[in-house]
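Student: What follows is the residue order along each chain.
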Amino acid sequence: MTVLQGVRTGWFTPAQEELRAGLAAHLAAEVEPHIPGWEAAGRFPVREVLAGLGAGGWLGLRFPREHGGAGGSAWEHVVFAECLGGLSSDSVGMTLTVHNDMVAPMIAEGGTPAAVDRFLRPALTGEYVLAHAVSEPGAGSDVAAVTSTATPVDGGYLLTGSKRWVVGGLYADAFAVLARLPEARGPFGHVLLMVPFGEGVTVTAGAPTLGLRAAGVAGTVDFDRVFVPTEYRIGGHGLGLVTQLRQFEQERIISACRALAIADRLLERTRERLDQRISFGAPIGSRQDVSFRLSRLRAEVESARQLAYTAIDRWEGGADYRSASAAVKLRSSRLARTVARECLHLHGAAGQLTESPANRAFRDARLFSISTGSDEMMMTTLARLAGWDD
Amino acid sequence: MTVLQGVRTGWFTPAQEELRAGLAAHLAAEVEPHIPGWEAAGRFPVREVLAGLGAGGWLGLRFPREHGGAGGSAWEHVVFAECLGGLSSDSVGMTLTVHNDMVAPMIAEGGTPAAVDRFLRPALTGEYVLAHAVSEPGAGSDVAAVTSTATPVDGGYLLTGSKRWVVGGLYADAFAVLARLPEARGPFGHVLLMVPFGEGVTVTAGAPTLGLRAAGVAGTVDFDRVFVPTEYRIGGHGLGLVTQLRQFEQERIISACRALAIADRLLERTRERLDQRISFGAPIGSRQDVSFRLSRLRAEVESARQLAYTAIDRWEGGADYRSASAAVKLRSSRLARTVARECLHLHGAAGQLTESPANRAFRDARLFSISTGSDEMMMTTLARLAGWDD
Amino acid sequence: MTDTVSTATAPQRDLAPLVTRREPAANPDQDYADRVAAFVAAHPELLATDRWEDPAVPPVRELIGALGAAGLLRAAWPAGTPGPDGRSPRCLALGRAIQLHTAFAQVANGAPGAAVLTQLEVGTRLLTGHPELLDGLLDGTVTVSLAATEPDGGSDLSTLTTRVGRDGDRLTVTGEKWFISNAPFADLLLVLADDPDRHTGPRTGPALLLVDTRQATADEVEVTALAGSGHTGLTGSISLRSAPVLAVLAPAGQGLLTLMRHWIHERVMLTVRMTALAQAVLDDAVSGARHRQTFGSPLLTNQHVRFLLAELSAEVAEVRSAALQGVRLLVEGGCTAAYAAMCKYRASVLLRRVADEAIQLAGADGYRTGHPAERALRDGFGLALAGGTDELMLMQIERG
Amino acid sequence: MTDTVSTATAPQRDLAPLVTRREPAANPDQDYADRVAAFVAAHPELLATDRWEDPAVPPVRELIGALGAAGLLRAAWPAGTPGPDGRSPRCLALGRAIQLHTAFAQVANGAPGAAVLTQLEVGTRLLTGHPELLDGLLDGTVTVSLAATEPDGGSDLSTLTTRVGRDGDRLTVTGEKWFISNAPFADLLLVLADDPDRHTGPRTGPALLLVDTRQATADEVEVTALAGSGHTGLTGSISLRSAPVLAVLAPAGQGLLTLMRHWIHERVMLTVRMTALAQAVLDDAVSGARHRQTFGSPLLTNQHVRFLLAELSAEVAEVRSAALQGVRLLVEGGCTAAYAAMCKYRASVLLRRVADEAIQLAGADGYRTGHPAERALRDGFGLALAGGTDELMLMQIERG
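Going down the list, the protein sequences come from chains A, B, C and D. Residues 1 to 390 (my numbering) are what the first sequence spells out, left to right. Residues 1001 to 1390 (my numbering) are what the second sequence spells out, left to right. Residues 2001 to 2400 (my numbering) are what the third sequence spells out, left to right. Residues 3001 to 3400 (my numbering) are what the fourth sequence spells out, left to right.
Accuracy of the hints is not assured; some may be wrong.
To give an idea of the chain D side of the interface with chain C (calculated C-beta under 7 Å), a few residues [said to hold, decoys possible]:
no.	residue
1	3301
2	3302
3	3303
4	3307
To be clear, the hints were calculated from the coordinates, so they are not data collected in a lab. Heads up, the beta-carbon is just placed ideally off N, CA and C, and yes, glycines get one too.
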């Protein structure tokens, strides 16, 4: 069914396809073979993986070359995201996405030269790991309700507060942190700060989770009167929330591309497996019920992928992509969840083993609908953008 | 797949099964053959049909014998509803349900002796047709918001107002009407009146609708200062809404039984048809996709039917059946809609003809989720009964 | 963008220049859009909703004639020179076709668009190789219809009962066709017929024939409008009794292949139309939810309603993206049968879902014949069969 | 009610007296309920959630031993005299089994209930005809497990690789079993094995054998706990290498038939348990939605949330009704394979849906290992296979 795939349908240039081939080969050779071991250990050497990607020139492809990027477009990041979706562990995929597509872009676009030098350049060579500390206990999807506070002081801010569920938090060298200003109210009362791991920063491992078991998820990251210099602020004073929300709109499209690539891979693997497995005298894949279930999901994945590409096209073309971003995040998250669930079931008893890729894929994929903009948040956003909440 | 059916699973007594056999045979012989003609004409001789049912002793089976009933239980009305669901026109099924299971019960339970004599007895012999005028323009499911007003006068009320979407309204001899008292507010400010068709009552045919095309739906029934004597009031002065809402809880279970019987019939007919139809060299029914789709729906119909029977069992046993009533109304309405949609599609081009039974069944069945308590109303009710709207 | 990456650690990598997507839907042809809008405004009598709803006979010939006379069909047909921005004639034409079908999806509950699509994207397209006929078709003076399906035949066109015959030295065709769009209004019929006796070529199997209903007697070609619940008045059944064959469009054994190639185009354009129909129904539902009051507030104040509409809008956006990509692939000549099937399948599911939910949101009013959602649902069932059933689409997707 | 209808027009009709449904779930046995509650209160150490979650080894033997010692298994076993209200021993016992499984669905995220069901409704039940073994099983001093499935064998038990053999005059069995509930804790194994050489009877085909793991060497019977994502620690794989057969429960050709009859019972009781699990998850979700705040209000103030919970509660009520009807039919001896399959299929779909939606409602907290919804979802995938896959259930429903 590869003819339906995003590749070879005219969205990507030959150079981008070459990039895809090279990156996919690198991941297949250098990363995928280690995944069972990493998953069993509950952690992976993110620094090593990032160094390999940095050495290959695959990080920050869309950022300006003067910032350590490759001056490319969002399309190269789509390729990157789709290649990550080809990996059987989304602990790896998600951690790298946070680094390359959630935190790095904010520095590249809103960081001071000092922040670029301090955080972005080493991040793009893979020497330095970035994480995103945005959720708070009790706040959930309600980003504006953060209670972490950045008190302006001479030359910077004193940051105090507690963040939770930080993917890659156990591995990170620095955190992007959204905090409110003291006494501030409303959308213009926040700052976004890059905070290096160091004195005053306490990272605690999280409780075990359904999936993402090797993603180094920090249960809490506590900041206790951490001094952050003004030059590590991303975007303007008071504009932290606005900067963050704008970044969400982009990263959600990239997340959607990874989610859809995961769904794509699962459908393909499941069909291969069922075409081989014999039950009641015939390959299970030859049964029309199973086959149509896979084809229906395939159709949804392929059409959602076109929505993702359309969103990227609008982004690159300077058009409004906010609705497309929310729409494809919603669709892709639900699809990844549905596809992973169906494929897990179709793997039968073999899929029940925690270590089986189908099992892990399901456990990992369930997070899409919850994190980086829950499904409910996306529906709220779509309704708001359409002007339905007057 | 009849082994799954509600019949022969211990809920019904042999006498009730005998009743079912007799009634089904009567309907098959005396009603079903005329349906194509009635549907083409856009009306059916409800009086004749009711007379046949009355002569057979099949009307009002659960009402006290001193009111013209047969002193039976709700189970006999389940049998009646299920037999109506076996008819290929729900114009007939719905009109008879309104008569026998929506209006008649209110008179039997809350009517004065005069109202019983005037309305119920002739209704149960089939000489007199009852309809229910409850919806109003702009009110929809919000029954309490009626603006029709009953002004108390000497010896009765003067009723003024406009009702709409009255099933059987074009056929009816009398209407059950919910009206508010002047200046009244809140749940105890209504009366429920039995209003004979006559001076001051204007019945207007409705716009054509998707289904229920032979149900004699009145677009509006207008009451202009119609005098209604006190003895035609059902339930107490001020208790009209309460009486009505309580009746809804019962009629919804009966409606659900009819909806599920319709779904049952459609699944059976569709399987029969697909087992005969050859496409690409094999009976369509032998394809696993089609077969499993039907089996999945069959499972839902059969389990929902058990919920309906459980609700009836609670009703008859004096237990609280309100949640079960709302739950089965929601489930059965959605199921009837889904089953009818799937079956219509599986009938292919032949099902596209307006006159084909599969087409009519779909068009008729779509109303369940909208009328006699919409799906949204049922979800609201379930949440309220569970105490979630504190 | 053509210069190389200069950071110390990264190897040299040539990134491709940004590709400006030459998509048919991008930079719509404003002139054409204005002409379509003017046409709609100028023909209220042809586009009144009640003329397209039972018991009226829809003015299909008049509409196609008027559209042709206004030059709107010809402008949406690939011919001539590239556009000023370098777009190919095919790209220009399909871009306009998208505009035409989208605009017509909003007219008279979308019904007239069904007739237009059959004329332009089915009949005329299958006659691309017949320049002598094209003029009349594009001028709207000649109407055309494709007669492939047989009574109760469904998607399986391999077992046809319609047969090619011979009467002296003229070819004839005999059989029954059913559920044929525009049949009651067609001058020309494209008829798929079995040819076991090799009248049309050296092989057996289905042939595609041209029949001119104007040159046939009422006995040779009899067309009856079907009382369908969807596409009211637009479909018909056809009895052919030794009807004279005007031309063999594809000889025996080639007929199905010709149609299979054609269906890629038809299914993509059907998807464009169905998505536009879904959007129109959704827009109407939003507007209804703003105005309809329940329990004292507009329906739209219900979170349940907003979430549902949001979900549906996401799905419409998704299928529209897929459809437009399909058109791009048509322009480039690279659309596969599987891709077109995917589009058609998704649109078919989408339209019925949006229509069904919109009926629910509209309550009793949605149950009224002619409510936009109600019509869309009825039409949607027909569209789930037209151009191939959902199940056939799934088989195509499976084959890849 | 027995007198006749007296109205003038209606014919005489005898209506049956109201039937008081003698349902196992009606008028629950309060004494038994109290004993179960007391048991749960008295054994916090056996029923602590973390003892049933990886990496702990769940205390299955201890739990079954304690339940047996408390007489709770025996009381839920059909034997003895009818109840004071005339209910049959079978009705009384199944009524208590419902109470037991329902109560245990709420204990330690429902995990202990899995082990209890396997002991009581699977193993013990299959040994009904062996009074010499029943005492130990009901006292909880002997544990038992059914080993039918083979590695990657799925629902297809017609092609077994496990074989009956003979070593001198003793029967043996050799092969691999997989995904076997309670296997790591079983004294007795019921093993389904092919018997091509007619060791167990005059015919070939699957036989059902009894193996006593206590009498076998570690080499003859090797059990390994599986690291499953659901039913943590409860399932195992079994290697049998000429393991001694204690008894032939069903000779060759009869093994599958025995199981098929048994599965009717197992599937209904599984449905009871799964429905109770779904209810427990739903209750937890409601409680969470009351307490969890988003955007300054409890989650439950969202109409979307209330509607979703209402919908789920309707579905739980539906499947529970179907399950209880299944138990009634078991009591009366009239439950068909199709009915049991319908129950099992609906419960399997229900449990995963409720768990999945409850995770969503709980947000990040729901993604935490051991959250009731999270555990239920993992277990739910296993339960969609246990006792036969969804697809096998659909085939059974189809056959009627």
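Student: Now, for every hint given, state plainly whether the structure supports it.
Tutor: Hint check results:
no.: 1; hint: 3301; in the structure: 10 Å, violated
no.: 2; hint: 3302; in the structure: 6 Å, holds
no.: 3; hint: 3303; in the structure: 4 Å, holds
no.: 4; hint: 3307; in the structure: 5 Å, holds
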